[in-house]
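Participant: Each residue of the sequence shown is one higher than the one before, counting from 20 in the numbering used here.
Honestly, the hints are just simulated from the structure, not real lab data.
Values in this document were obtained by computation on a predicted structure and should not be read as measured data.
Just so you know, even glycine gets a beta-carbon here, dropped at the ideal spot from N, CA and C.
This list has only true hints and no planted wrong ones.
Below, a list of computed lysine to aspartate or glutamate pairs in the DMTMM-like style, where the Cα atoms sit at most 20 Å apart:
1) Lys91 - Asp41
2) Lys45 - Asp96
3) Lys45 - Asp93
Just the calculated beta-carbon pair ranges, DEER-fashion:
4) Ile102 - Val135: 32 to 38 Å
5) Met126 - Asp41: 43 to 49 Å
6) Met126 - Ser42: 43 to 49 Å
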Amino acid sequence: MFKKNMEDEVVTSQRIGETAEDSCTKLWQGINLVMMIFFLLSTYVQLNDPDPYIWVPIYIIPSFLCLSVVLKADSADNTLWHIVSTTHLVCCVLGMLYHLALVIEIMAGRLYNPLVHEEGRELAGLVIIIIWLMVCRFTSFGRKNRVTSTSSLVVLLVVSVLLSIIPLFVWSLCFISGFDTQLSHCNGMFPGMLGAATTR
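Using the sequences and the hints given, assemble the complete structure.
Facilitator: Structure below.
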């Protein structure tokens, strides 16, 4: 009788663990869906950029990586996924260093919002991509057989949620009438697009 009760408790705790792991995986896929939407919207905005041939691939690659995680949570364990994400991460780090030098040169010791300049916004986009790729590439969150403590998962979850929600929130403010002219990061963001919308 005692042995049967112990076996029942073990089975119950295994089911609870599997349910928690499934919930964690679904949450990870949901976060990747939000990031995919952000990267796709960023890709769309880059179509008006003077050099879309550079910036469209920079944003579209992470959106495809996020899509693969949305469709199959453990796709980040795939060798091709590793190669693409690592290569893109290295390219973005190099681009970030270049843009950091540009922003420092543009600001020339003055203190103001770097997002006023296109280079500052491009730098911010690269930083978001780098952080997101590092979270996806170098953590075990959302993967099978993960070996991460609960406290680490909670911290990673909070960072992931903030990283997925804050850029969308800040970016969405540019679509609210009045904010698009008051917020410096919205200036020049939609050349030709907003003018056409207001004349109709």
